[in-house]
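**Student:** The primary structure of each chain is shown beneath.
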Amino acid sequence: MFVPCGDSVPDLAGHTLLMPAVSVGNVGQLAIDLIISTLNMHKIGYFYTDCLVPMVGNNPYATAEENSTELCINAEVYSLPSKKLVALQLRSIFIKYKSKPFCEKLLSWVKSSNCAKVIVLSSSHSYHRNDLQLRSTPFRYLLTPIVPKSVQNRIQSLNWEEMEKSPCIPEIDDSEFCIRIPGGGITKTLYDEGCSKEIPVVVLLKFVSEGDNIPDALGLVEYLNEWLQIIKPCCDDPTASALQWKMPSSWRLLFGSGLPPALF
Amino acid sequence: MAATFFGEVVKAPCRAGTEDQEEEEEGRRETAEDREVRRQLARKREVRLFRRQTKTSLEVSLLEKYPCSKFIIAIGNNAVAFLSSFVMNSGAWEEVGCAKLWNEWCRTTDTTHLSPAKSFCMFYHLKSNPSVVLCQCNCYVAEDQQYQWLEKVFGSCPKKNMQVMILTCRHVTDYKTSESTSSLHSPFLKALKTQNFKEPPCCPLLEQPNIVHDLPAAVLSYCQVWKIPAVLYLCYTDVMKLDLITVEAFRPILSSRSLKGLVKNIPQSTEILKKLMTTNEIQSNIYT
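In order, the protein sequence lines correspond to chains A and B. According to full-length UniProt numbering, the first sequence holds residues 1 to 264 in order. According to full-length UniProt numbering, the second sequence holds residues 1 to 288 in order.
Just so you know, the hints here were simulated from the structure itself, not pulled from any lab data. Every residue gets a Cβ at the ideal spot worked out from N, C-alpha and C, and that includes glycine. One or more hints might be untrue.
Cut-off 20 Å, straight-line C-alpha distance, at most; resulting in silico cross-link-like pairs (DMTMM-like, lysine to aspartate or glutamate) [unchecked claim]: (1) B:K176 with A:E70; (2) A:K98 with A:E193; (3) A:K98 with B:D34.
Simulated restraints on C-beta separations [unchecked claim]: (4) B:P200 with A:K83: 36 to 42 Å; (5) B:E199 with A:V151: 48 to 54 Å; (6) B:R52 with A:P145: 56 to 62 Å; (7) A:R135 with B:P204: 51 to 57 Å.
Given only the sequences and the hints, what does the whole structure look like? Please build it.
**Tutor:** Structure follows, in structure tokens:
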């Protein structure tokens, strides 16, 4: 359930909710971190649930001593009222059998808050790509039928690739085709529930492998930015635009502590 | 998939946790029998609170039955030993409840004699001031049991006029620092506090990118969300079994406002601690 930080429940009507799926390489979560950090979004509440493994730590977006001591938990909601943007960050994995209940609770909150649309940032195993996908861009999108025509038209004008259907049971030749997102966590569930409950859900994902997924996260936010224009591109040079995204201070030591000198 | 050095292709572990597609397919293939097994397993893993004296379960949450202004919880053997020696030695503490749970790592014990080697989760209040409640939790509470534990202890109505203190330990290799962990002087204490906890902590705060999980994180998250003042004191140590030096590392906490009035007889405490250590050493050999 959503618990506000302050005394009153903020009005999220007409807002766009950005959220990650906990997926391969944690790309969606890294992307949301970049968005919250770059746009300096402020925390408006918690999504308190028994579906995620508990975790706490100090402010992952701290920029100075003064703001470094704010305690953060596993599911928090941030907002940027000027752009009518709300971001939900998920920082831990689902407890077994709790992913579907989470999706139900989340989408019920989205409906009751009257959010305009939900954008899910996700990823899928790159080793599952077919020959055509190997040769094309690694980014894909998916829209639920209720997504407004204006959004559909805008995305079509960007010449993006829609996520292809693949055999439901790959081993069988005449298997039916359906959307499969291996390694995508709750992405498929959110998409399916969005379709059946008539909630505008846009999925943006990238085919990735586990490793240093920071470049993948930067790629995904740039992909999102092509559409939403949340930060104005400074020039046409793609390398320069990637520098506009501010990495949070918590991204230090992603691969562990320093090495013992005696090792060498 | 990933190829190993020897050329075999193996399924690479995914940082995203369980493969949800597999879980979904598992759900579709589940028979009535599977569902019954799952239900029975869930029942076996239920966290129950009861009073050992009367052998009855608590119908309401513990803190609804025993309203408290101060809740102190020690999680793990070293934190439990610290509270036993330095806090529970002074004043008379009455047992008010006991949590019974089972998981793959532990089964809580029913015996009355609680040694450091056994798994238990006991609740006490101070006879002279029953609004001070203490919990000694020596068992591992699994991730699917943590929220249940919270509900059974704190209930669903958050209590505002309460302060919470959590003590626990973690292995020093969990601590992320730009130096190598071998150069750290462990044990050392770090703190995390909720927004409403205004007192200065007794040690430095835990810096990012370090995080805490398990039951201590569950309790602190609950306190942060429901605006309860709470502090977690985390001792990073390289000895996870019962260890004198690790327990002594919690000493700075004795000067905190939360423990004021509860701590007396410090020389006696050291004796009690030494006795706890010897009892444990006698038990921990390959013949027992």
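**Student:** Would you mind marking each hint as holding or not holding in the structure?
**Tutor:** Evaluated hints:
no.: 1; hint: B:K176 with A:E70; result: holds (19 Å)
no.: 2; hint: A:K98 with A:E193; result: holds (15 Å)
no.: 3; hint: A:K98 with B:D34; result: holds (17 Å)
no.: 4; hint: B:P200 with A:K83: 36 to 42 Å; result: holds (38 Å)
no.: 5; hint: B:E199 with A:V151: 48 to 54 Å; result: holds (50 Å)
no.: 6; hint: B:R52 with A:P145: 56 to 62 Å; result: holds (58 Å)
no.: 7; hint: A:R135 with B:P204: 51 to 57 Å; result: holds (53 Å)
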